[in-house]
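Protein chains in written order, with the numbering used here: chain S, 5 to 247; chain H, 5 to 247; chain G, 5 to 247; chain D, 5 to 247; chain B, 5 to 247; chain V, 5 to 247.
Keep in mind that the hints were calculated from the coordinates and are not lab data. Treat the hints with care, since some could be wrong.
[Said to hold, decoys possible] Using C-beta positions, here's what the derived DEER-type ranges look like: (1) D:242 - G:16: 42 to 48 Å; (2) V:231 - B:138: 39 to 45 Å; (3) B:16 - V:71: 33 to 39 Å; (4) B:173 - G:173: 44 to 50 Å; (5) G:192 - D:231: 32 to 38 Å; (6) V:162 - S:225: 33 to 39 Å.
[Unchecked claim] Going by beta-carbon spacing under 8 Å, a handful of chain B positions derived as facing chain V: (7) 44; (8) 52; (9) 222; (10) 224; (11) 225; (12) 227.
By construction, the Cβ of each residue, glycine as well, lies at the ideal position given by its N, Cα and C atoms.
Number of protein chains: 6
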Amino acid sequence: MRIRVVNPNTTRAMTDTIEQCAGAVVGPGTLLDAVTSAMGPASIESHYDEALSVPGILDAIARGERDGVDGYVIACFGDPGLDAARELAAGPVIGIAEAAMRAASHLGRGFSIVTTLDRTIGRAEDLAEHYGMRRFCRGIHACEIPVLALDTDPNARKIVTEACREAVEADGSDAIVLGCAGMADLCAHIRAEIGVPVVDGVAAATLTVQSLVTLGLRKSGRGEFAAPPSKTYRGVLRPFGRP
Amino acid sequence: MRIRVVNPNTTRAMTDTIEQCAGAVVGPGTLLDAVTSAMGPASIESHYDEALSVPGILDAIARGERDGVDGYVIACFGDPGLDAARELAAGPVIGIAEAAMRAASHLGRGFSIVTTLDRTIGRAEDLAEHYGMRRFCRGIHACEIPVLALDTDPNARKIVTEACREAVEADGSDAIVLGCAGMADLCAHIRAEIGVPVVDGVAAATLTVQSLVTLGLRKSGRGEFAAPPSKTYRGVLRPFGRP
Amino acid sequence: MRIRVVNPNTTRAMTDTIEQCAGAVVGPGTLLDAVTSAMGPASIESHYDEALSVPGILDAIARGERDGVDGYVIACFGDPGLDAARELAAGPVIGIAEAAMRAASHLGRGFSIVTTLDRTIGRAEDLAEHYGMRRFCRGIHACEIPVLALDTDPNARKIVTEACREAVEADGSDAIVLGCAGMADLCAHIRAEIGVPVVDGVAAATLTVQSLVTLGLRKSGRGEFAAPPSKTYRGVLRPFGRP
Amino acid sequence: MRIRVVNPNTTRAMTDTIEQCAGAVVGPGTLLDAVTSAMGPASIESHYDEALSVPGILDAIARGERDGVDGYVIACFGDPGLDAARELAAGPVIGIAEAAMRAASHLGRGFSIVTTLDRTIGRAEDLAEHYGMRRFCRGIHACEIPVLALDTDPNARKIVTEACREAVEADGSDAIVLGCAGMADLCAHIRAEIGVPVVDGVAAATLTVQSLVTLGLRKSGRGEFAAPPSKTYRGVLRPFGRP
Amino acid sequence: MRIRVVNPNTTRAMTDTIEQCAGAVVGPGTLLDAVTSAMGPASIESHYDEALSVPGILDAIARGERDGVDGYVIACFGDPGLDAARELAAGPVIGIAEAAMRAASHLGRGFSIVTTLDRTIGRAEDLAEHYGMRRFCRGIHACEIPVLALDTDPNARKIVTEACREAVEADGSDAIVLGCAGMADLCAHIRAEIGVPVVDGVAAATLTVQSLVTLGLRKSGRGEFAAPPSKTYRGVLRPFGRP
Amino acid sequence: MRIRVVNPNTTRAMTDTIEQCAGAVVGPGTLLDAVTSAMGPASIESHYDEALSVPGILDAIARGERDGVDGYVIACFGDPGLDAARELAAGPVIGIAEAAMRAASHLGRGFSIVTTLDRTIGRAEDLAEHYGMRRFCRGIHACEIPVLALDTDPNARKIVTEACREAVEADGSDAIVLGCAGMADLCAHIRAEIGVPVVDGVAAATLTVQSLVTLGLRKSGRGEFAAPPSKTYRGVLRPFGRP
């Protein structure tokens, strides 16, 4: 089984960390790789960044289909381009926000999300609502560390950990959901520090894909998520994976 | 006051019709133009099409900001790129789905949406939910005419009209919402034929923009919809309207 | 086009202010007037006041129909008698609460409402829920200035402004909705002071009516909002506008 | 204990039937009477009728307070004027729609409402939503018998019974809620005919009032439902029960 | 009419208090008794306790059916075993949580629940949601007095009273719902102390049963709540009241 | 890693089938066994059956904790005793309904559930609501094959398959969720026949447990799902796994 994690933040160091975290949890029969999207912003911290990351994601999915990949993870907590990617791919495509929230929903009454910048809270709210997780999502909090600073700011680990501790306290939550793919490698540390379960969406989504592929569950070939109709295009943007 | 309608379906004839419909309703002090997006698919009929229409929309908004445009309409019923566009623009940006549904919500207990292909129903459902219109939206129906055939298929007008009539009957609705910018010019005809109010989102969104600009209402400069942070980019895609 | 604003608070000075605020936003082709309801309480600050303001509103609508009015605004934030008024009028009737909330929903993720007395908060909650605005309405706050004191208390402007500032802070809102027709003339001042968009429902509803009339959108003649059936009446109350 | 049923349909014969149905279920220590509202339409079949029935209801409550009544039932399925009446009365005021829906919610998974005219379905929908009964309310159906014809049309009983039978079948419901005070005397007959529980709101509301009075439960004296503030009034309408 | 209150907390002193509180409110024609469940934990303070209290409840219902009991109250605020008990009993079975919340919903805009241990808050949340009471339930608070200590801790009355006072303040509620059958005898005291209505579910449920029996309302004999099908059993647990 | 599936239907043949289906999907490092509950009904087809299956489930969990089991599946689509089991177990406990619905939510816009008897539909509705899956669950259908007849009735496979085909058609669903553990071995056959993804909750829940254990995710030790407090017990029922 081949699973590919697509990192739409076009920053290779971040992709490497993600690959390590995802690779650590898959079963022995699973080949896991992570790819950096070929176009888009270095990090995703706004609706605008997210919108412009989507063509790169679709390009990566189209390449993956040619490579025989069985399932995909989109490694950005806004789950950008998820519906479009599902039209392109034959196998499952899972966003890290949906996977993380659903995993956390099994761990108690409710979870808190800790995200990067305050301006990303709204998107997480929309996703919690869209995935039916409003009852489980007790609060969404920003730590005000930009995505790329998670890796470079020497205080990042401490600041994120404290934000998680405060979130659990404020919301009376049973678990933390990390609201950024760039926090994947902080997961074990934070759990050890604050003593409640901490869910990293990259690992959670990877195992969700592995489970769906094992179960033989892939979209039906017709209806809303069938392959998109062929179109003529205007401008520099070319369709990906379409004849 | 300058209002610009952005047509993300990159088909000039469709843009012309849209400009005519929007231009017919604005006040004497309003300059209205419609532009065809400079990149993207010829028509939007899938999540994939919608995703790849967004860069063109953002490009058009960035150009509009340089041209001193006061407000924008996005002329596709999926309201693609709406949140990202709001980050870019200083003035209001309105999607035709949100404007049409809110106008229709004033006309009675509930409305039915008539859209093009069956595969687009899901997106309309998501938007109705997202905009708080679930109580008002009594049903969503496809007429199975592709977007561009609305203009070229000699039976299109009749088929759409019958779909509207059946939708009102089936749902017990008080109004019809047309689920595609390409139906704008059918609005008066259908209303005359079936005797219930019919809402075209292009005209409705245009007047919503005109009203908001008249009221001096524009987003606050901080928070989720503030201008997006500057980023480095990878690949052919370039950021629009950002330093 | 003739638009009439009905002020169910039977206080002429308040009607004059309302007329000024509404008149300032309409287009050149629109005749706008405001009328004081011929019966009912001097101001509306309870469910009881609201209930007893409704006959006067219906009377004003019935007179308006005889005068050839094309659309109406009900200038009380409880939107009293809205459904009944829609049965009587051929053209659109818009409440200031629904218009204000829908305008504010275009300005960001969410708004706060600032109302007069604490006891009116419940009604605003019910309306936000009824109009599908719960996701957008982040909080409702009272400033404890009675309706008529808005005009006479020299501290009113300052107190309302501070309540708006605190509401934005407490709720993390993107906009303020003014929860009383008597606050219409404070709108520009508050916006200038607190730096976020402030929505006055009187002006918003007036432009909503103007837009709907321009679009030719009026209720269908059948169903729930058709003209009410004729009845015999008991007591001093006489039916308005019915044979 | 004194309980008064207020019939806002100003038709004495209907009040007599209501009094009989309510009187049949109260305990030996309860004095039950029914009064016909002193002003308003002969029957309530529109939002307009409902709005103009409210002053008469408030007048009846004000008189009841002077007579030492302990609690009230409003005998119209639209629950008109309920919030205003609660401000006026010291003891409980219960609408027949809320009482009937809550009683029916104990009888199984869900109920169907059978109402008079099709145009009244919308109001019942609003109330089911408002009272939190959406999960329980499986459908609302009209039998197209006008309110006063329930008493005079020789086929009424049969038509309503058949409408109830079809509603149970169509919705898979466990119980019927009768959607009009004028159906109170049909309750036992329908239950016998269709073999599922049938709830008459007049009797249900009467026992809800009796229970609340027995439990000593009455609104707190402060907040939203405190006595309404005193006001000056314009026009023929005079405030009821206020100094 | 015979009504039986089943106390699934297997503590006789608690049952005596419950019997006294319930007996004080029934009408002269009602025979009321309370029974202690024949198996299960001494008090219910966890999902685990609740689960293991259910067989005892069903046994008590089965005995009640043989004794000709007309309706039942389950005297634990988690409403354990309610759906199963409804399958067994011919007459109504009412939980104290549902009865208390529905009674409180008539008293104003919203209520606060005050329960025993913090770990029971989640169950109360689930029930409020399940019964459609989310709009009415403004907050759920623990006083951290264990169930049996309500009777033995000399400070219990004071602590619960203060928790109620603080809940009303924090939530802006119109009423208190007592979240434990063991608080039934504190009801009058707390109401006198804090001046808002206080609902004891034991008394409220008893009168709900009495009302439903008076109205002749019992489940229909078919569908989800029909008598459960006969089964063979494994282990020490024997089916109750089934052939 | 040790995972145990608890079959609360006390029928050994059914447990064997379940063990085979679950064992077929786990990774090489996972030891999977299935146990038949030591007490309770032979099959679960009512709220009553479900209630009486819970003590056996808790007994099995308590034994599993002594055996060093890392996580559990409860193999009945009503997810009986889930919250109580979570209090007892240190590792994850997953119900087949929650796992199946969450897996299906990744496969498209919505799924249909096909269950055994009509009387079990209500429980599935409650769970869909409770798990936030209402948007995804498009319909619940019964095939009227009793649980144990799934194994013995020669027409069962055909009847269930046809019920699935009709459900997809009627609801416009993207996937089927099998509403009974006894249908686990029909999964591949039905998928092949009707051409849409079919989710068996037993396999889905098993992989959910495996994923959570791999991720190191287990409940926090405090709060609602902490180990239940110790109690004295009355009657034949003894507490399981508690000192």
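Violations among the numbered hints: 1, 2, 4, 6, 9, 10, 11
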